[in-house]
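Engineer: Each chain, letter by letter, is given below.
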Amino acid sequence: MQGQNQQQAYDRGITIFSPDGRLYQVEYAREAVKRGTASIGVRTNDGVVLVVDKRIRSPLLEGTSVEKLHKVDDHVGIASAGHVADARQLIDYARRQAQVEQLRYGEPIGVEPLTKMVVDNIQQYTQVGGARPFGVALIIGGVEDGEPRLYETDPSGTPYEWKALAVGGNRNDIEDYLKENYTEEMDLDAGVGLALEALDSVNEEGLQAEGLGVATVDVETEQYRELPVDEVDEYLTEHDLLADDEPEE
Amino acid sequence: MQGQNQQQAYDRGITIFSPDGRLYQVEYAREAVKRGTASIGVRTNDGVVLVVDKRIRSPLLEGTSVEKLHKVDDHVGIASAGHVADARQLIDYARRQAQVEQLRYGEPIGVEPLTKMVVDNIQQYTQVGGARPFGVALIIGGVEDGEPRLYETDPSGTPYEWKALAVGGNRNDIEDYLKENYTEEMDLDAGVGLALEALDSVNEEGLQAEGLGVATVDVETEQYRELPVDEVDEYLTEHDLLADDEPEE
Amino acid sequence: MQGQNQQQAYDRGITIFSPDGRLYQVEYAREAVKRGTASIGVRTNDGVVLVVDKRIRSPLLEGTSVEKLHKVDDHVGIASAGHVADARQLIDYARRQAQVEQLRYGEPIGVEPLTKMVVDNIQQYTQVGGARPFGVALIIGGVEDGEPRLYETDPSGTPYEWKALAVGGNRNDIEDYLKENYTEEMDLDAGVGLALEALDSVNEEGLQAEGLGVATVDVETEQYRELPVDEVDEYLTEHDLLADDEPEE
Amino acid sequence: MQGQNQQQAYDRGITIFSPDGRLYQVEYAREAVKRGTASIGVRTNDGVVLVVDKRIRSPLLEGTSVEKLHKVDDHVGIASAGHVADARQLIDYARRQAQVEQLRYGEPIGVEPLTKMVVDNIQQYTQVGGARPFGVALIIGGVEDGEPRLYETDPSGTPYEWKALAVGGNRNDIEDYLKENYTEEMDLDAGVGLALEALDSVNEEGLQAEGLGVATVDVETEQYRELPVDEVDEYLTEHDLLADDEPEE
Amino acid sequence: MQGQNQQQAYDRGITIFSPDGRLYQVEYAREAVKRGTASIGVRTNDGVVLVVDKRIRSPLLEGTSVEKLHKVDDHVGIASAGHVADARQLIDYARRQAQVEQLRYGEPIGVEPLTKMVVDNIQQYTQVGGARPFGVALIIGGVEDGEPRLYETDPSGTPYEWKALAVGGNRNDIEDYLKENYTEEMDLDAGVGLALEALDSVNEEGLQAEGLGVATVDVETEQYRELPVDEVDEYLTEHDLLADDEPEE
Amino acid sequence: MQGQNQQQAYDRGITIFSPDGRLYQVEYAREAVKRGTASIGVRTNDGVVLVVDKRIRSPLLEGTSVEKLHKVDDHVGIASAGHVADARQLIDYARRQAQVEQLRYGEPIGVEPLTKMVVDNIQQYTQVGGARPFGVALIIGGVEDGEPRLYETDPSGTPYEWKALAVGGNRNDIEDYLKENYTEEMDLDAGVGLALEALDSVNEEGLQAEGLGVATVDVETEQYRELPVDEVDEYLTEHDLLADDEPEE
Amino acid sequence: MQGQNQQQAYDRGITIFSPDGRLYQVEYAREAVKRGTASIGVRTNDGVVLVVDKRIRSPLLEGTSVEKLHKVDDHVGIASAGHVADARQLIDYARRQAQVEQLRYGEPIGVEPLTKMVVDNIQQYTQVGGARPFGVALIIGGVEDGEPRLYETDPSGTPYEWKALAVGGNRNDIEDYLKENYTEEMDLDAGVGLALEALDSVNEEGLQAEGLGVATVDVETEQYRELPVDEVDEYLTEHDLLADDEPEE
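Chains as they are written, first to last, in my numbering: chain A, 525 to 773; chain B, 525 to 773; chain C, 525 to 773; chain D, 525 to 773; chain E, 525 to 773; chain F, 525 to 773; chain G, 525 to 773.
Do not rely on the hints blindly, as some may be mistaken.
[What the hints assert, rightly or not] Computed spacing ranges between beta-carbons, pair by pair:
| # | chain 1 | residue 1 | chain 2 | residue 2 | range |
| --- | --- | --- | --- | --- | --- |
| 1 | E | Asp616 | G | Arg620 | 29 to 39 Å |
| 2 | F | Gly654 | B | Pro752 | 51 to 61 Å |
| 3 | C | Thr761 | B | Ala767 | 40 to 50 Å |
| 4 | G | Val624 | D | Gln623 | 44 to 54 Å |
| 5 | B | Gly670 | G | Gln648 | 50 to 60 Å |
| 6 | G | Asn569 | F | Thr707 | 43 to 53 Å |
| 7 | B | Pro583 | A | Glu755 | 51 to 61 Å |
It is worth saying that the hints were derived from the structure and are not from the lab. Here the structure is a predicted model, which is why all the values come from computation and not from measurement. Here a beta-carbon is modelled for each residue, glycine too, at the ideal position from N, C-alpha and C.
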């Protein structure tokens, strides 16, 4: 009861500290991330894998318009979870930074520097008044100096580098699956499989290719590539992850 | 009771997150959309259809002045639902963007890029303080590269692409009708019929041409066209959707 | 009781949405309009009629100084209801827009474009913080391309076109009278008569010329004209609407 | 009780509408006017009369420093009631406007245009945030095109033209007296007498010349003139309005 | 109880009107004035007298550093009561105005114009948001055109001219003494005596020269002059006002 | 209880007046000063003495980094008490003013003018919104025109000149000691002794040189000088003020 | 209970004083620091040691991406504790200051001047409105003029110089360990050992090299150097601090 009252006190204004040193608006923004469907990233020796669950709520909705996978530069992709409109702002920001870097130095931006530009932008919205934090988490994956790199940005503006991770709904369960099954020797193909299996592990009805987004950036080509639906379907068949019921459409 | 109190806490200030990660002001703006009469969009192979319910409250009111259908460019139209005055601002914004694009590149703006410019504008009003979100949803329909395209913008600033959709009052019931009856093989004529039938399905007293707005953008001419009242009347007669009672006037 | 509490929560800050999607400050501004005496507009084939009830509270007050009828341009007049000081701001805005248009294009401004400039101005005060909405409704009447036009602006910034309407106190009762008695074939003379009768229908003590304002814009001359008191008196006599008691003065 | 609570809700922020469409801050500013002593204006064929009650609270206070009568231009005077420091701001504003007009057009400013400039200034303080309304009412009297003119500005920014009026404390009782005794045929002398009698009608102890301010602007000379104490005393003697008790000093 | 609650409602924000038309922040600023020790001004035919009670709380404190008497220009002095740091701001403002006037017109500033510049500055802090009112009252005394002038500024920004007055603690009692004993025929010497006697009348332990400040501006020299301690002591002896107990030091 | 509630009402916003004319934020800032350890100033004929109690909370902390004594110019030092980070801002401000004065006039700044620049800066933070007051008190000591000067600035922005004073914790008790033992004939050496004894009088465990800061500005050299630890130790030994327990280190 | 209520009153707005003179937002920011894992600094004759506890929550997380150790300039490093995203801002600020200093004077910035620039930046966020304080503490270690220097910055903006210190979780227990075991004669090697032992003293499961960060700046090379994992592992083995359980990975 008291906790309830105390908590209310922090809902009203700008992002401020609670007596126990937490930033409630940032923590609530994390809840907004959890309300979104999961996105998964896996780093393999051959490159990085991004898998997103689009949860298409109607057969009339075009799955391609559910924006959770984004190409940011030739060699970098971002998967988001949480508030879609907020994600769009950060993606735009990342694209502009990549272009500026390319123009200024004639070289593609590194995945780590790009991540740090994004998190610094996010942090400002948690400290300076007049705006709310971003209600979105991003998985930034790409190739930098021939190495696959996989980063997370959270609503506080903290960057993390991962071998494999999930953001959004069911994050903990998916990460448990990843922890048990991830190996450093995986190739890109196995990475796609692991990510799909991890997503399936929290999904009782099985998966459908139309409701998924899969992208890779491999170290050889250094190119971001979104897999077409039939290729996703092959992966699902191969890993025996297909939902029993065909989509209505 | 507690829920009631908790909810009140989020009504007062700028758009901020609730403890469960929702943006109440945005959700309330969605309620404003539901308070408006329905607007419907249908995409067919031949083009897109926009149908709006004007709900004219008095015979002395000029139906043409109820602004729910808007020509934005030769090849793009927008149907709105919700707060009319807010819709006007977004329509103006869309028109300016279309003109700028035309001037800058000598080509008509694409439906998707236009939609994304509009949603980015909407999103800003949900994150930065000093203003409230827009209480309006838009259906943006048009032809891009010879293909019919149909988008929705919601008060959070999220874009969706649809085969057929409704926004505003009775959205769910109308979409149920659309889901059951939509087929990808429809021509424009059938699309107009489907949209009118879907609107009729939630309207006990039947429809009247004067209280409706119907527009199309077909892929051949790539021209936005609002149907005159008699043409709408023919559709209603053909589909047996005419209200029993003639309008008073 | 709860409704009472809930409502209070929305009174304090800038114009924001309530949980059911309403903008309370805008609705309260509508109440300000209802607190004002009625203004009436009637569109006939020959032109438009504006009639205002000045409700002069003292014989020592100069009726001419009660500002409810305003000439905006040679061919456009505005009748207001609600907060007088707010109306003055919008009238000034409309006049400036008319002058700018005249200077820029060498042609008088259209009634519809003028209306839309005014409502866009009104809308801004309902969305952006730091000011309250305008507590006034306007009837904008005039001639555009040889056609009589009659518009309403409300505190939300929504424009409506009417054949005949009332704003301010007793709006509903007056509109009932107009609905029953309006015909499209009326000439300007009959329009003046209808407007006065409609006003009389909600006025138990009858009307007095000194307490009324009557103006017309006819399609032939395209000139705004306020009727002198004796001419109004003739109309009242002719329609048997004169108050039994002479004014005290 | 409830009314009490409801009212409190509107006291805290900027000037906003109450549920019944009133602007409480403006209404409270009107209370500030009522807390001031009365000022009276009378328009006669020969010119206008301004009379103010200074209510000098101590014999050590110099009556001339109680600022309720102000010369604004050669041909215009203003009597104020309410918050003295606020009145000073509006008087300064009016003087600057008169000077600007004189410089720009080489002609003295009209009383009506001057009034409208002042009320537009007042209105801004009731709509835009960051300041409170002016707690003062003004009587603006002068000669324009050879005609005597007498205006009132109230805290909402509404202008009124009067034959005779009072602002400040006891306004209603004084206006009742004026209504009964005002005639249009009065000369300036009778106007001064009427104003003093009206003030005396609400003053049980009678009047004293030292505690009054009397000014006229006559149509012949078009000059604002404040009457010296002995002249005021003659009027009081003539109309048998002198207080029984001499002032203490 | 209710009054208590109601009052609290006005304490929180910027300076706004209460339902009965008062500006609470201004009234609270008046309380800040009352919390200060008294300052007294007396106008005689020969010049003006300013007397201030410094109430030195410790023998280690340098009495000269308690700033209640200020020379503003050669011919003008100011005595303050209330919040000392606020007084410093207004004194600085007055000094700058006096210098500007001297530079611009080559003549010393008049006491009345100076007073009005100061009160206009004070008023702004009571109407425009973002700052609180000044918690100080000033007595401005000097010679203008050979005449002694004595003004008061209060926290609302209202100017008053006095023959003799007190501001600060015990104002009412001191003014009662002044009313009974002031005569217009006093010379400067008698004026100093009257001011000291008036201050003594509210001071049970008698006065000490070290705890007082006395200044005069006489009409002959038109020079502000602060009396040295021994001269003040002579006055106290002469008027039998010396405290029985010598100061501890 | 009521007092408690009433007080809370003033805690929330900017610095405003309470009903009894106090500025609570300023008074709370004074509490911040009391929470700091004491600083003492003594003025002698030979110069001024500043003594500060550093209260070093750990043997690992470098005592020299506890900033309570500051050289501001060659001839001026400042001892602070209260919020250390706030003190740093005011010290920086004072140093810049001293440099500007030196550059502009080629002469060292006077102690009094410097003090007044500092207090005017402090006052602004108590009147204008958007920031809180400074939670610090300063003792400004130095030599001006060959004379030792000793000033205090408090959080309201009021300047005081003292013969001897304390700020911070135990202020009253220390000042009682100073009052009883201060004499105007002291030389600098005796001044240092008095200050140390006064500090010791409120310190049950005795003093340690490492936990103290002692500085002087003597009239002969006009140089600010901080005493080394061994010299402080000598004073402590001489005055028998050494703590029984040696510091742990 | 009352304390609870009182405390809540200070949570809502900008950083203001509580009645007992504390800045709650700053104190809550200190809680944010305590929520972070510990960072430790030790100063030896040969240089400074920085040790951070990264507490890696998952074997899939790349420990190198947990940013608690930062090279700021060749000769300066910073260890942080608390809100990571806030720390990034201050580190960036410190780096820019170091670069500017290098460019401007051609010399590396001193550790003390750098610390003071950082704390002044921190202080601004505790006094001026519109932003919250930084929820982070820094240990700034480096070599200045051939001497090792070790500073702390806290959320209030106060700088401290230490021989050895800890910030973040378990600060007090770690400092107790440091107090007992620190000696001024330590060399760099012993310093690393002491810091690791101190961290181990509060860590029941022992330490793992992968979860630690160790850096040194020695006086000879004046170079910041982060120790590779195997070197850290050697230290742990040598001091018998290794956790029993190997990390899962």
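Engineer: Could you run down the list of hints and mark each one as holding or not?
Structural biologist: Evaluated hints:
1. E:Asp616 with G:Arg620: 29 to 39 Å: holds (38 Å)
2. F:Gly654 with B:Pro752: 51 to 61 Å: Since the Cβ atoms of Gly654 (chain F) and Pro752 (chain B) sit about 59 Å apart, the hinted range of 51 to 61 Å holds.
3. C:Thr761 with B:Ala767: 40 to 50 Å: holds (44 Å)
4. G:Val624 with D:Gln623: 44 to 54 Å: holds (52 Å)
5. B:Gly670 with G:Gln648: 50 to 60 Å: holds (58 Å)
6. G:Asn569 with F:Thr707: 43 to 53 Å: Roughly 49 Å apart at Cβ, these two residues keep to the hinted range, so it holds.
7. B:Pro583 with A:Glu755: 51 to 61 Å: Holds: the Cβ-Cβ distance is about 59 Å, inside 51 to 61 Å.
When the structure is compared with the earlier hints, no violation turns up for any of them.
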